[in-house]
Every structure is written in C-alpha cells, then in structure tokens.
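J.: The chain contents come next:
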Amino acid sequence: MDLHELSIQQAHELLASLQISAEELTRAYLKRIRSLDPQIQSYVTVSEDLALERAREADRRFKTGEGLTPLTGIPYSAKDSISTRDVRTTCSSKMLETYKPFYDSTAIRKLKGFRAVLLGKTNMDEFGMGSSTENSGFFTTRNPWNFDHVPGGSSGGSAAAVAAGLAPFSLGEDTGGSVRHPASFCGVTGLKTTYGRVSRYGLIPLVSSFDTIGPMTRSVMDAALVLEAIAGHDPKDSTSRAEPVRPYSEALRKTENLRGLRIGIPKEYFVEGLDPDVETSVRAAIRQVEQLGADVVEVSLPHTQYAIPVYYLILFAEASSNLAKYDGVRFGLSERDGESLMDVYLKTREAGFGAETKRRIMLGTFALSAGYYDAYYLKAQKVRTLIRQDFEKAFESCDALITPVAPTTAFRIGEKISNPLDMYLSDIFVVAVNLAGIPALSVPCGFSNGLPIGMQIMGPHLSEETLLRIGHMYQSQTDWHTKHPPCWNGSP
Amino acid sequence: MKYEPVIGLEVHAELLTRSKMFCGCAVVDSTTAKPNRHICPVCTGQPGALPVLNKKAVELAVRVGLALHCEIHLESIFARKNYFYPDLPKGYQISQYDQPLATNGSIQIETEAGTKEIRIRRVHLEEDTGKLSHADGHSFIDYNRSGVPLLEIVTEPDMRSPEEVRAYATKLHAILRYLDVNTGNMEKGVIRFEANISVREEGSDRFNTRTEIKNLNSFRSLVQGTEYEIRRQSEIYESGGTVEQETLGFNEATGKTYSQRGKESAHDYRYFPEPDLPPLVLDTDWIEAIRVSLPELPEAKTSRFIEQYELRSQEVRLLTSEKALADYFEAVVSKSKSPAKTVSSWIAGEFMRYLNDLGFEAANIPIPTEDFARLIDLVTDKTISGNSGKVVLGELFNHGGKPDDIVREKNLTQVSDEGFIQETITKILNDNPREVQQYLAGKESILQWLMGQVARATKGKADPTVARELLVQNLDKRKK
Amino acid sequence: MSEETKFQVDEQLVREIALLARLDLSQEETEMFVSQFRDILDYVGILNEVDTDGVPPAYVSSANRSVTRKDEVEASVPTDDFLANAPQAKDDFVVIPRVHIEQ
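Chains as they are written, first to last, in numbering that gives the first Met the number 0: chain A, 0 to 491; chain B, 0 to 479; chain C, 0 to 102.
Any given hint might turn out to be false.
[Said to hold, decoys possible] Listed next, the in silico DSS-like pairs over lysine-lysine satisfying Cα-Cα at most 27 Å (straight line):
1) B:LYS336 to B:LYS389
2) B:LYS401 to B:LYS389
3) B:LYS80 to B:LYS130
4) C:LYS89 to A:LYS93
5) B:LYS33 to C:LYS69
6) B:LYS213 to B:LYS170
7) B:LYS130 to A:LYS346
8) B:LYS33 to C:LYS89
9) C:LYS89 to B:LYS336
10) B:LYS426 to B:LYS442
11) B:LYS336 to B:LYS442
12) A:LYS99 to A:LYS346
13) B:LYS130 to A:LYS99
14) A:LYS346 to A:LYS93
15) A:LYS109 to C:LYS69
16) B:LYS381 to B:LYS336
17) B:LYS187 to C:LYS89
18) B:LYS130 to C:LYS89
19) B:LYS1 to B:LYS115
20) B:LYS80 to C:LYS69
21) A:LYS111 to A:LYS62
22) A:LYS99 to B:LYS33
23) C:LYS89 to A:LYS99
24) A:LYS346 to C:LYS89
25) C:LYS89 to B:LYS54
26) C:LYS69 to B:LYS130
27) B:LYS187 to B:LYS130
28) A:LYS346 to B:LYS80
29) A:LYS93 to A:LYS415
None of these hints come from the bench; they were simulated from the model.
With the hints as extra help, turn the sequences into a complete structure.
T.: Right under this line is the structure:
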C-alpha cells in the first residue's frame, strides 16, 4: 500500500510504531502534489519547507513518545480562506494574492497544537462565491474523476485534493454547501458543522451568519478524528458554542447499528429536476440505513423552495459588508497609479475582485440601501425564520433527515459559468442547512457515468455525533467511499 | 424677521476602559503614543478577525444611561454602519442602530430663564476609528485609537440658543466626569460634539432643513460653530434662499463652517444587524447594582451643598463643577475648624488661580486636604495674617511642605504686639509726610496705601486689625 | 416582484450602487449588471408569495447571548508584523494618498 492510501488512523498506527516517519509521509504527499497537481490544480500554495519542518517536529515527538495525538504528523491541507500565519492566504482572489496573515485562525492553531502538518492551501471560488471553483481568481480545479468536470465548490480544491490523494484530509468551509457540494462531486466525506461548533476566528468571512469550518476526509471515521481536534469553544469568537465537544470517534467505534433512530425523508427534496441516477442512489442509501435498524418516515419542509432566494439575499448583504475592507489601504492589492484616495478604492476593487464577487457586492449594496432594505433583506430574514421553523418541526419527530446533496453529478467546466442564476440553483439542497445553522454530513453513495453521487444527512443543532454514527454505519456496509478516481493509483 | 435656532447635539465620549471595545489592546493616549503600537488583528480589520465585547464598556454605558434618567433596554443589538474611510479598517463601524442600549432620558440645564430640561433621545455604544494626519500629498494612518469604546449620546432638538448648547455640553461633561467614565480631557479629543442645526421664524413650530456640523472638539468651537451656522442659515432665509441639508466641517482658525461632502458621495450607511455579535441581554439585578453604585451627581450635590454648608448657589456651582473638586472641598471642611463658607472662599480665590496657572487637574491637587485645612485655620485663628496665608499657599503649591513649618521658617507668625506695630507706624508716617497731608486733606484711600506700607515693613506679619486701629489713631492725632 | 415594490433597474441605479460599493465598472459591466440585476431581483421576488405578517426576522444565527470579555489588556502585535502587508508605510504609519479635505 502506498503512503497516500493510508487513512488517518492507519497512518497514525504506523507513525506511532515508528514504521514510517512523519517526514516520509509528508514527502510522499509533497511528491504526489508535484506530479499530479499540475493537472488537478487543487492547491493555491504548497508550503513545502514549513511542512517538512513541522513533520520533523512531529517525528521528535514520536521518538520521545510525548504529547502524541491522533493527528500528530498527519499532513493536511486547508481551504485558502482559513488564515495561516506566514503562509499566504488568498481566498483565491487577486485582491489577496500576496497577503500573508500575521496570525493563525483558531482551527489552524488547534491543528498545530495537535501537531498535524499543513501541506498547503487549496483553491476555491473567490471568497467562497461559487459552486465550481471556476470563480477562482487564479485557475479552475479539475474534478479528479473527470478532468473536464468541475470539482464543485466553493471548497473544490479541498475536495479534489482529498479525492486525488493529495492530502489525507482538508479543512473546508461551508457557507451554503461549500463543503458538502464539492464532497459530493468528488466522492469524499464532508461535514458541515453546527454554526458555532468550530471557531470562525481567522476564517475569512463570506457570510458571517452562515460560515462554518468542517473536515473533508476519505471516511466518516477520519472526519470524526479531525472534528475532535478543531471543535470547541473559542473566547475569540462570540458566536462559538460553549457545549463540550463529544468524543466522536469513540462513539463511532461503539456504534453497531442504527436502531432507535428515526430518519425523515423531506418530500420537497425529491422533485422535478433531480437527476434520476442521483435519486436512485440516494433512495438505495436510505434503504441501507433502514436495514441498519433506523425507522424511515416521510416529512415535509414546506418552505424549501424559498431557501435559495433567502440565502442569496442575506449572502449579498453580508458579503458586501465583509468585502468592504479590501480597499487597498492596509493589505492586499493596492492600485496606486491614480491621484486620489477614491482612485485607490475604485481601481483596487475593480482590479482585485472577479465578476461574480462584484456582482454579489453590487446586489448586497443594493439590498441594504435605504428604500430597499425592507423589501429584500428584512423580508429574507423573515422567511428564514419560517425555514428554521420547518426544521424545528421536522426534528420534533426525527433524529435526522436524508436528502441528495446536489440535483446532479458534477457538471462540465464552463457549463454554467455564463448564467449566474443557473449556478445558484445547483445549491438548492444545501443552503437551507446554513439558514438553520444545523450540521449536515455528505457521504458518497453511488456513481453516474463515472461521477460520484452524495447523500446528505442533516440533524438538529449539535447533532454531529448522530450524523457521524449514521454515516459511519453506512460506510461500514458500503464501499462507495473506498472507490478512487483513475489518477489515484500508481506511484507518481 | 426674527429667527430662532433649533439645535440637537450628538456627543461622542470615549469610555475609560483599560482595553478596547472588541479586543484586548490597551487604550492609550492616542495624542502621545507611538503610532500603530496598540493594534491586533481585530482593531486593524484583518480578514477573519472577530469582535468580543468588553463588559466594562457596557457597564460604563449603563452608568451614563442611568445617570441621564434613560430607559435601559434589557436586549440591545449591535449593527454595522457601512462606509469607506481609511481610518475605519473594516469598512464598517460596529455601532448600535434600531435597538440601542438606552433611550428617553434627560438632562437639566441652567439658563438665564431658569432650569430647562433637554431630552436625551438615545445612548448607544460604538467603536472609535483610527486617526489620520496629513502632510504633503499623503495621509498617515495610526490605528491605536481604532476600536476604543465610544458612547454616543444624542439629544432631541431641544436647544434654542448657543448658550443652551454650552450649558448642556458643560453639564454633560461634568456628569461624565462624575461617573468616572471619561477623562473629560477635551484637548485629547476624548469628547467630540456634532450639532444639528436649523432655524425658523420665531414662534413657529415647524422644523426646517437642518445641517450637521461635525467634529466640534471644544466648548469654544461648539459655541462658535453653532453661532456661525445660525447666522448663516438666518441670512439665507432673509435673502429668500433655501438651506440645503448637508454635513459641514468647522474651521477653528476662521470660525466658519464649510461643506464637507459633495452630493456625489452622498452616504447611505446600509445598517444591518452585526452577525458577529450575539444580542446583548442585560440582567436586571446587574443594572440595579450599577444604579446603587452611582455617585451623587452634580444636581443632587449642588442642592446638598447649598443646604448643608449654607452656601450661595453661585459658590456651589464652582465647587460641584467637578466631582474631584467637590470631594476636596468636603474633605477640607471636615478637617478644618473654620466655617465651610471660609473654605469655599479660599477655594474660589487664590486656590483656583494657582490650580489653573500651574495646570493641575482637580483630580490631582498637590496639597493634602489636611494641610489646606490647617492653613485656613491658621488664618482663621489669626496665627498668621491673610496675606501670609497666601504666601503659605504659594509655598504649598510650588514646593510642598507643612503649613506650620513654612510659617516658622518664613517667620510669618502674626504680630499683635502694639509696641512693635506702633514703632513701625511712626516711622512710616514720618517718612511719608506728603501722603499724610493728603489723607488729612480728606483723601481717605491713602489709608489703604499706608496699610500696604505697614504690611510691607512687617513682611505681612502685623495683625491688620490692630495695625488699622493704630494707624487711624495716629493719623487722628496728627489732625489736631 | 409585486407592483408596489417594482422599480426601475437602469444604468443610473447600477452606477449609483457601484459608487456606494466603490466599484469602478466599465460600460460593458454596467450594461451586463442591469440585465443580471433584473433577472436576479425578479427571481428573489418569489419571496413575496410568502405571508410573513407577524413573523420575526431571524437576524441572529448564534445560540449565544451576551458574550462579553473582561476588561483586561492583552499583548498587541508588533507594528512591523502589521505593516509588512501594507502597500505603503512610513515612520510606522500606514500611508495613503492625501485624504481630500475641503475648506
């Protein structure tokens, strides 16, 4: 078995028994990135020297046996919206092409504390605005299963890197499906965490009300191990939750079946426009879950069709404000060839932001401006209340809900880029979760024409343990998550 | 046509916390600190940084809200005020908008026509911006001040003259000092005023178009700017023109207001609830505990001083203008055997002069209260003369020490010995025959001049009562 | 959109919004935004189907209330770390073209 094929747990065992070193493992990944990533383009930055330095530090730990964690010496990548001290953090925007934060995000700081090894930063749609990475300010990442297709987005680089064996796990970020959507398109496991479960400190915001950091991995068990490391209360994030972090991986080891769980199937998620192959695979997965002992019932989330307009209106508004700091004054791109400060603002923002980003800033500025606030922003926030109530009601009788992640498998590069509205609609099954702030897990459940299909398991606030148990039991009975794209094999 | 101004004030006051509003950076004197030393990801608006609210800032804001008789809202929310300016690192300011901390309060001011109530519309928390300075073709930004907690206090348009504006501003300044929420140090820019002004025909109850003058940073500018703007608007109406709604700056050098923002950059702040901060929900017990801990405020203290110390309201107004001064007065009274009125006169006289001349704040008067009390008593019991008392006061201010030691070292003990004083008087009268003649011819003011000669000759030690008596007797003798 | 809230999306509106957002749009972009604004605002108009009378807005995502910190001073970051990213700096200040002040 090649080193890149090891799960986190397998790698840990070999590291702890000194059969391999963290440096070897890291070098194997760096080598793979060098040979394979020029085609896939999942990384924006590879921090090779720092990675090797950290790996050697981890190896010293293994020699003394002191302070070992399940992630000591395990390489990983992180979406390029997660601030990393001294490592360029660009949000895949020309605006931040040279920006090196002078502080670490809390999630990265925690992983440093766990002695995990950062390999580099992964590509995304600029500032998280998109579902394909085609809106990256630098390049489009390829779907490892078929290079003509998109990896999904916005955490497309993270998903592709994990799927192609260019990192054992990656930190993704989900604002409106940005972890689950690319996880589904690339056939990996992705967890969108409860709002506030993982600190947002240092996460460059798209929509402060929706943003969440979550693990993207090759299995649910690996996701549990990563979540244990990054979850928890952070005094630097006022919206971070204080409830203690559950021992997720232990819970998975103890789970034998899904008896006693009640799973709801929201009928609004199985409607016209859903690809028949996707529907068939997800329904088969639901039967599998039922066979593991869960009760399955149909439920209704009546306001589902309004989730997309509500999501985008709130996104436009918050994003327009969150992106105001990119003004060419303190950091990042600054166009100084004009004469006045106004020129700096206008020229910097014109040159630094891509088309989709500008479009959303414009729409948000409009939706918040005097005279339109009530009709758009306020209206959206009211409908959001109804969407949340739909979930609250469903969770009165169900422990979790299962749906498809996306209506189709990965679309072709270029297919939707010219029609923003069409692109927005591909998020139809994922955004409601962010409106409600609840967790949701995406796990591979089949293929159509050689492209992966994902199922989404949603639960009430802080139900990560339940979702992981369902996903883990499902993966213990199926092998979809063990399938790899053609580029996986062979030493580079 | 007679015009009447309608004026409302917005006051921004920095809150006296140790750390900033949303991060742990120290609050420092931004007029003296080296630039960009007290900064972090949060207060420089680094991507991904998040605010965490300073509880002390909330407490100080509640103190002010209570002192201004406001309704304190148990739930308030923060909002983003969006605009571009280089001293605003996030591109928005965290403030409060439609659910502020406190509303509906009032302040009593003294006017020539008597006491008047100015209604307070709202009191809310927000963060300060960085500071800009300009030289040549560039502007320079220092973010030390960015994120310092600010309290915004907004009145209803209840003021009708620059005098009322001054009275309100002075009163609010005193209250903030009493509450110990602000240093009151206007030169450091810790309190800034903005005035909303319109004028209308006297007797009308309509509200005309108003203008807003920003950044009036002293009482003087506030009054001058207000006066200028009232005049400007009145003249526009008189000549049949219309006043345009706009934001104005004030030039301290010329005493004039000027248009600050062109129409093309009209602002629309696009307020919306700040998603990074959960609602601020206050506990009624906590608010009550703050209410109980409030100090006695200027109005209550003034009434008490008038009653308890039998002082005139004019005297009391000086004493209660600053809490530290009022406290000092009371401490001296309690340690002195002299009447409170005597202590009050001493403070109002030479004492204030020294304080102002030497640049001392009431909060750090260099003379211990027991020493000042002792000095006053030495004069009251005639151990030293009033003139010697002033000498001792000067010593205490300039060099410190104990009053009794200074009296001894300087040999200031008052002389009531008639023989010694008579000897001095005889010499003075003999040396100044011309003045004696003038006095005898009826020019009585010469007596005061002669008293001065006695004081000089005895180095102020002669008991003035004894000296005056002897002087008159001696002069009377020479009349014959 | 319902008739009451219908309004004209035209180039002037797009230009005003662009200035507010400090975006220097080309003529081509301005024209494109006019048509995309219309489509997108038309689409989000389906929210008007929903009766929201008496429904409170869901402003707050966090389950938390009144999160505060103690008034304690923490270490600041070195000035050089901050200025390392600044496009222009001098004497520890961030430098920009002079802010225009009218007198």
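J.: The structure should be examined with respect to each hint, and the outcome stated for every one.
T.: Outcome of the hint check:
1. B:LYS336 to B:LYS389: Holds: B:LYS336 and B:LYS389 sit about 18 Å apart, inside 27 Å.
2. B:LYS401 to B:LYS389: 14 Å, holds
3. B:LYS80 to B:LYS130: 18 Å, holds
4. C:LYS89 to A:LYS93: Between C:LYS89 and A:LYS93 the Cα gap is close to 25 Å, so the pair holds against 27 Å.
5. B:LYS33 to C:LYS69: 26 Å, holds
6. B:LYS213 to B:LYS170: Roughly 20 Å separates the two Cα atoms, so the pair holds.
7. B:LYS130 to A:LYS346: 24 Å, holds
8. B:LYS33 to C:LYS89: The hint holds at about 13 Å.
9. C:LYS89 to B:LYS336: 62 Å, violated
10. B:LYS426 to B:LYS442: 21 Å, holds
11. B:LYS336 to B:LYS442: 39 Å, violated
12. A:LYS99 to A:LYS346: 22 Å, holds
13. B:LYS130 to A:LYS99: 25 Å, holds
14. A:LYS346 to A:LYS93: 13 Å, holds
15. A:LYS109 to C:LYS69: 23 Å, holds
16. B:LYS381 to B:LYS336: 13 Å, holds
17. B:LYS187 to C:LYS89: 24 Å, holds
18. B:LYS130 to C:LYS89: Given that 27 Å is the threshold and the Cα spacing comes to 15 Å, the pair holds.
19. B:LYS1 to B:LYS115: 22 Å, holds
20. B:LYS80 to C:LYS69: Since the Cα atoms of B:LYS80 and C:LYS69 sit roughly 25 Å apart, the hinted pair holds (cutoff 27 Å).
21. A:LYS111 to A:LYS62: Given pair A:LYS111, A:LYS62 holds - Cα atoms ~18 Å apart, limit 27 Å.
22. A:LYS99 to B:LYS33: 24 Å, holds
23. C:LYS89 to A:LYS99: 20 Å, holds
24. A:LYS346 to C:LYS89: 23 Å, holds
25. C:LYS89 to B:LYS54: 35 Å, violated
26. C:LYS69 to B:LYS130: 26 Å, holds
27. B:LYS187 to B:LYS130: 12 Å, holds
28. A:LYS346 to B:LYS80: Satisfied, since the Cα-Cα distance of roughly 23 Å is no more than 27 Å.
29. A:LYS93 to A:LYS415: 22 Å, holds
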